[in-house]
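From just these sequences and the hints, can you work out the full model?
There are 2 protein chains.
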Amino acid sequence: MLDGLIVSIDAMGGDDAPEIVIEGIEYFLKHEGKGRRARFLLHGDQPRLDKLLKKNPLTRERSEVCHSPTEIAMDEKPSQALRKGKGTSMWNAILAVKEGRANTVLSAGNTGALMAMSMLQLRRMHGIQRPALAANWPRPEGISVVLDVGANVEATASQLAEFAVLGDAFYRALFKKEHPSIGLLNVGTEDQKGHAVIKAAHERLAESDIGLNYKGYVEGNDISFGNTDVVVTDGFTGNVALKTAEGTAKLIGKFFNEALQGNPWSKFTTMLNSVALIKLKKRIDPRGVNGGVFLGLNGIVIKSHGGTDKVGYSNALNVAIGLAGSNFLEEIEREVERLHDEDDNIGFIE
Amino acid sequence: MLDGLIVSIDAMGGDDAPEIVIEGIEYFLKHEGKGRRARFLLHGDQPRLDKLLKKNPLTRERSEVCHSPTEIAMDEKPSQALRKGKGTSMWNAILAVKEGRANTVLSAGNTGALMAMSMLQLRRMHGIQRPALAANWPRPEGISVVLDVGANVEATASQLAEFAVLGDAFYRALFKKEHPSIGLLNVGTEDQKGHAVIKAAHERLAESDIGLNYKGYVEGNDISFGNTDVVVTDGFTGNVALKTAEGTAKLIGKFFNEALQGNPWSKFTTMLNSVALIKLKKRIDPRGVNGGVFLGLNGIVIKSHGGTDKVGYSNALNVAIGLAGSNFLEEIEREVERLHDEDDNIGFIE
Chain A
1482 MLDGLIVSID AMGGDDAPEI VIEGIEYFLK HEGKGRRARF LLHGDQPRLD
1532 KLLKKNPLTR ERSEVCHSPT EIAMDEKPSQ ALRKGKGTSM WNAILAVKEG
1582 RANTVLSAGN TGALMAMSML QLRRMHGIQR PALAANWPRP EGISVVLDVG
1632 ANVEATASQL AEFAVLGDAF YRALFKKEHP SIGLLNVGTE DQKGHAVIKA
1682 AHERLAESDI GLNYKGYVEG NDISFGNTDV VVTDGFTGNV ALKTAEGTAK
1732 LIGKFFNEAL QGNPWSKFTT MLNSVALIKL KKRIDPRGVN GGVFLGLNGI
1782 VIKSHGGTDK VGYSNALNVA IGLAGSNFLE EIEREVERLH DEDDNIGFIE
Chain B
1482 MLDGLIVSID AMGGDDAPEI VIEGIEYFLK HEGKGRRARF LLHGDQPRLD
1532 KLLKKNPLTR ERSEVCHSPT EIAMDEKPSQ ALRKGKGTSM WNAILAVKEG
1582 RANTVLSAGN TGALMAMSML QLRRMHGIQR PALAANWPRP EGISVVLDVG
1632 ANVEATASQL AEFAVLGDAF YRALFKKEHP SIGLLNVGTE DQKGHAVIKA
1682 AHERLAESDI GLNYKGYVEG NDISFGNTDV VVTDGFTGNV ALKTAEGTAK
1732 LIGKFFNEAL QGNPWSKFTT MLNSVALIKL KKRIDPRGVN GGVFLGLNGI
1782 VIKSHGGTDK VGYSNALNVA IGLAGSNFLE EIEREVERLH DEDDNIGFIE
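Residue numbers (our numbering), protein chains in the order written: chain A, 1482 to 1831; chain B, 1482 to 1831.
Mixed in with the good hints there might be a few duds.
Pairs count within a copy or across copies, as identical chains cannot be separated in the list.
Simulated crosslink set (DSSO-like; lysine-lysine; CA at most 30 Å straight-line) [what the hints assert, rightly or not]: (1) K1791 <-> K1735; (2) K1536 <-> K1674; (3) K1565 <-> K1511; (4) K1731 <-> K1791.
Just so you know, these hints were derived from the structure itself, not from any lab.
Note that the structure is a prediction, hence the values are computed from the model and not measured.
Now the structure itself:
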């Protein structure tokens, strides 16, 4: 066997799995992953995977197929998925992390099922009340991380404070920035804005002394156009914000295409202008920030968009390997302990 | 005096008031408002307004200046604004509607202050628990309306059901569509998704028989890229969604400009391509949908963006006059009564 980090892959998860998954790994090994010594455990239908590996030699060289007879459908409810559970490619992919046979797990499958199975197998980290789903978000200079974008539909003030710790450790691990700035998503930046839960979380974070670079409230427009690294919110608001941004980008993309294809003259000049357009497309390409991460579990679980292509899948792999090579699980554990020690000292109960 | 609808204008509200306000009215009268018989009560500093009117003859012809010695600052808290209250241009502009001297009021001033003063003077409509702020939103075909985008930070199921009625009447009045489709914003479209309040509102709307065209849950991406006319949500989520969309549009705009200005060659072809680009800019122009509306009060209160220009202000005027010429206040009153009669019949208490 080769050495290096081991990524456990749910090869059957995703709209176009397992084809996109294997092509995504191959793409990764040709580009971002060139020279990196990652290896892959491919969980899924052995005959189909073997056939695909013949066409993807770099992947074949660094992979081991682990046959899983069944799989979770994209539209299955988490409760159904859990009943099906064992023997599915998703279950087995997570199990490999639980049993220490892999450093991280990546799936482009059903989000709710991945969440439920990961919770059940990997369990919450000590001191974490609720895990959170974190998403990367492009902004003019760099990337911001928003959490929770949908692991839970509600959050208490104490849980929001934990999300700040999770986001902080995540940002440091992935972007190697020492003191990422942290904001709390609200409807305004003045102290009196927002509802009771937000205000309580704000007060808690503002008086914390555990080393978080907390900057106070931020608003929706700050996610894409601000300078805050980590944006903390509940899973309902975060999910709506994420999908609203996707819808807006899609709408503008549509208008853009229509405008540029509107008449023969603009068609012609668009062709001439293709260098600039390709550059633009690359910058607003959602595949570039593909890879949500479940934070707060005893293990690193990465979720790729179900409808992604090989480039997007490769980006999610990059996130997975970046995190697996860091010590951010230990950092989270340490920071959360400090947060809760502080809770005890200041008498913060919720 | 001329006949026609009368718009009461807070001429001192807005980042560049009163200049933009007067220029906005002039622009309106030259374009959209050409041939319409609207008149204006201009509340604000008489000497400044008189001076501006000299340069804007169409506006002068159709306006009456009502001197207001003071004004509300853009960053004043609603509580401060209320204390200052009487005598400000904003207060007097609303008062004209209350006293029946105008059909609608338009302000580009402080949103919180406008809301608080409107509530105090115009009062909630009978049967409405909380007013809502509605925003127009572009989508591929037409416009969707989202409410609440920030009048309240929380909403009960019963209030969300009222928002559906408000949005329905608003959409019909503004866009002349008989049965606008209505969706409830959630983190997924399956029945089991969301928190308790959303589920209760969903059940209430789904079993209603008062004639709403309720379609069930929608997600964030459906606001910009779906086909639902009215999207109902609480003011916290709606506000974050609105501002997130603005931030996303701004980010893409920035990337777009940078990409097209990146090298001399693309600069040149961009010049050639300007027809298409102007067309695009017009379609994603936020000024085209300027004009939030406070729904649920005994009067029509329109809020323009504080930082808008004359074109945006003119669009807000268009919304104000469109609504003032409809009977939507009566329709809301009738529909809300039917909703609450139904509440009683089915024993919906909250």
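Results for each hint:
Proximity of K1791 to K1735 under the C-alpha cut-off of 30 Å is found in both arrangements, the shortest distances being 23 Å within a copy and 27 Å between copies. Within a single copy, K1536 and K1674 get their C-alpha atoms no closer than 57 Å, and across copies no closer than 41 Å, so neither meets the 30 Å cut-off. Taking the shortest alpha-carbon separations for K1565 and K1511, neither the intra-copy value of 36 Å nor the inter-copy value of 67 Å comes in at or below 30 Å. Taking the shortest alpha-carbon separations for K1731 and K1791, both the intra-copy value of 20 Å and the inter-copy value of 28 Å come in at or below 30 Å.
Hints 2, 3 from the earlier list are contradicted by this structure; the remaining hints agree with it.
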